[in-house]
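**Q** One-letter residues, chain by chain:
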Amino acid sequence: MSAAHEDHGHHGHHDAGAGHGSMKDYLIGFFLSVVLTAIPFWLVMGGVIENKTVTALIIMGFAVVQVLVHMIYFLHMNGRSEGGWNMMALLFTVLLVVIVFSGSMWVMYHLHTNMMPVHDVSQLP
Amino acid sequence: MSQTITADNKGDLQARYFDLHEHDHPEGGSTMLGFWIYLMSDCLIFAMLFAAYGVLGGNYAAGPSPKDLFDLKLIALNTAMLLFSSITYGFAMLEMEKNKVGSTQMWLFITLLFGGAFLFIELYEFSHLIHEGAGPQRSAFLSAFFTLVGTHGLHVTFGSIWLITLMVQVAKKGLIQANKRRLMCLSLFWHFLDVIWIGVFTFVYLMGMLR
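Chains as they are written, first to last, in the numbering used here: chain A, 1 to 125; chain B, 1 to 211.
Note that these hints are calculated values from the structure, not bench results. Note that CB positions come from ideal geometry on N, CA and C, so glycine has one too. One should not assume that every hint holds.
Taking beta-carbon pairs under 7 Å as the criterion, some of the chain B residues facing chain A (in silico) [what the hints assert, rightly or not]:
id: 1; residue: A47
id: 2; residue: G54
id: 3; residue: L74
id: 4; residue: A76
id: 5; residue: L83
id: 6; residue: I87
id: 7; residue: G174
id: 8; residue: L175
id: 9; residue: Q177
id: 10; residue: H191
id: 11; residue: M209
Mimicking EDC-like on lysine to aspartate or glutamate, the simulated pairs with C-alpha atoms at most 20 Å apart in a straight line are [claimed, not checked]:
id: 12; chain 1: B; residue 1: K73; chain 2: B; residue 2: E125
id: 13; chain 1: B; residue 1: K98; chain 2: A; residue 2: D25
id: 14; chain 1: B; residue 1: K67; chain 2: B; residue 2: E125
id: 15; chain 1: B; residue 1: K180; chain 2: B; residue 2: E125
id: 16; chain 1: B; residue 1: K180; chain 2: A; residue 2: E50
id: 17; chain 1: B; residue 1: K180; chain 2: B; residue 2: E95
id: 18; chain 1: B; residue 1: K173; chain 2: B; residue 2: E95
id: 19; chain 1: B; residue 1: K67; chain 2: A; residue 2: E50
id: 20; chain 1: B; residue 1: K180; chain 2: B; residue 2: D68
id: 21; chain 1: B; residue 1: K73; chain 2: B; residue 2: E27
id: 22; chain 1: A; residue 1: K52; chain 2: B; residue 2: E132
id: 23; chain 1: B; residue 1: K173; chain 2: B; residue 2: E97
id: 24; chain 1: B; residue 1: K67; chain 2: B; residue 2: E132
id: 25; chain 1: A; residue 1: K24; chain 2: B; residue 2: E95
id: 26; chain 1: B; residue 1: K173; chain 2: B; residue 2: E27
id: 27; chain 1: A; residue 1: K24; chain 2: B; residue 2: E97
id: 28; chain 1: A; residue 1: K52; chain 2: B; residue 2: E95
id: 29; chain 1: B; residue 1: K172; chain 2: B; residue 2: E97
id: 30; chain 1: B; residue 1: K172; chain 2: B; residue 2: E95
Full structure from sequences and hints, please.
**A** Shown next, in the form of structure tokens:
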């Protein structure tokens, strides 16, 4: 029966599944975050690009990249922590966030456009 | 004997038993995953608030628009405070892994100062807005703005209270396993709030100025 009991041993000391960072990770993450924050602020405060839609798209791109940088270097996300369940939960949440956010914007935009009161009364039938 | 042996020939013993009682899980072994799931649900709260702001953010009710209200220099300063607090919390975690109580406490305290500075600046901004008559009751845009940014600010407030609590606990009990686990939870929470702030300064402040 001793063989059966041996495999209890390694259940006792399993490490907390979350990843640990190193000094290098934190410094890289910090440096990237500073750059990725400074550029959007500079673009908007300095009015560098005339076209506002282009500026908006660019700063949104920077935000997405910075979120990824924070996830990797500060939150230590990878596909292995907690046996992959951290990543699964994250991906599921991202899916829900995208549905909630883009769905709300889409539906409400169309509602808004279709329900706008007609200002020019003479054009009413 | 806790195992039930289904094998009838003893030579094949190891392959045929199954365990009737649960393995002893180490205390807090699933805490980090559980806390991560909580953070994901918190993320959904913010998704709702961002969506509400996205829908209502243009309804000024003939009141002030983001361009009239927001001071980007203040927001840049605020962003810097939160970013600094993120890196100093990271340093605290590195010291914690080396089991150095003194320097862990020092970095936690510096983190608390940056968090406090963030809250101070945010409250200054809010009081300034309300003083100008741009309170949450002024327009749908401002209601959504105060709800979103205020909820983030509340998270930072509670994170700071949690940070103080943990500093007291570390001072009393040292860097025991339970305290390390708590500090790691707060680490996730704190960095998560910085991630949300990226969304806030991009979507609310920077895009607001572009309207």
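**Q** When the hints from earlier in the document are held up against this structure, which numbers fail?
**A** Per hint list: 3, 7, 8, 9, 15, 16, 20, 21, 22, 28 violated.
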